[in-house]
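Chains as they are written, first to last, in this note's numbering: chain A, 520 to 600; chain B, 520 to 600.
These aren't lab readings, by the way, just hints derived from the structure by calculation.
Keep in mind the model is a prediction, meaning the values are calculated, not measured.
There is no bait here: all hints are sound.
If several chains are the same, the list does not tell them apart, and a pair holds so long as it fits within one copy or across any two.
Result set (SDA-like, lysine to any residue): computed pairs, CA atoms no more than 25 Å apart in a straight line: (1) K529 - G554; (2) K530 - G551; (3) K559 - A531; (4) K530 - K559; (5) K530 - D564; (6) K521 - T569; (7) K521 - T553; (8) K538 - T569; (9) K521 - H546; (10) K530 - A566.
Protein chains: 2
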Amino acid sequence: MKARIIVTPKKAVLDPQGKTVQSALEHMGYAGVTGVHVGKYIEIDLAPGTDRGAAEKALQEASHKFLSNPVIEDFKLELVD
Amino acid sequence: MKARIIVTPKKAVLDPQGKTVQSALEHMGYAGVTGVHVGKYIEIDLAPGTDRGAAEKALQEASHKFLSNPVIEDFKLELVD
Numbered sequence: 520m521k522a523r524i525i526v527t528p529k530k531a532v533l534d535p536q537g538k539t540v541q542s543a544l545e546h547m548g549y550a551g552v553t554g555v556h557v558g559k560y561i562e563i564d565l566a567p568g569t570d571r572g573a574a575e576k577a578l579q580e581a582s583h584k585f586l587s588n589p590v591i592e593d594f595k596l597e598l599v600d
Numbered sequence: 520m521k522a523r524i525i526v527t528p529k530k531a532v533l534d535p536q537g538k539t540v541q542s543a544l545e546h547m548g549y550a551g552v553t554g555v556h557v558g559k560y561i562e563i564d565l566a567p568g569t570d571r572g573a574a575e576k577a578l579q580e581a582s583h584k585f586l587s588n589p590v591i592e593d594f595k596l597e598l599v600d
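Using the sequences provided together with the hints, build the complete structure.
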């Protein structure tokens, strides 16, 4: 089982990395880009036989506590087999 | 339309950020983690009416050229409505 966590800056928070990518895309001639958000992607491999419910609970907690900064970031957790 | 690009280090490449997260999880008592990979997540908002095929081609090229480093990173591009 694998867990995928995507951490993105909250919409109201400045995203300088996103702005940089957006203007780079424009300068390189890629038109039609109206916004770019850059975040973190964390993939966690879990030992076989891990309990799904328990893993989800533990990872929600870990994501909130130290994989993201809840003041300025949102996260999305997804478990896949 | 939105594009999501996930950039991860190739399996053969050292991933110090992933190792750090893995040992942090272990130290904080989260058992059963067998590996962690940390990458980048880029979400691109596209103007309404953008041609899907053309956007996909342009973003494949942009991802390969400057959103990822193809020597040490893999990327996955996904277009969603």
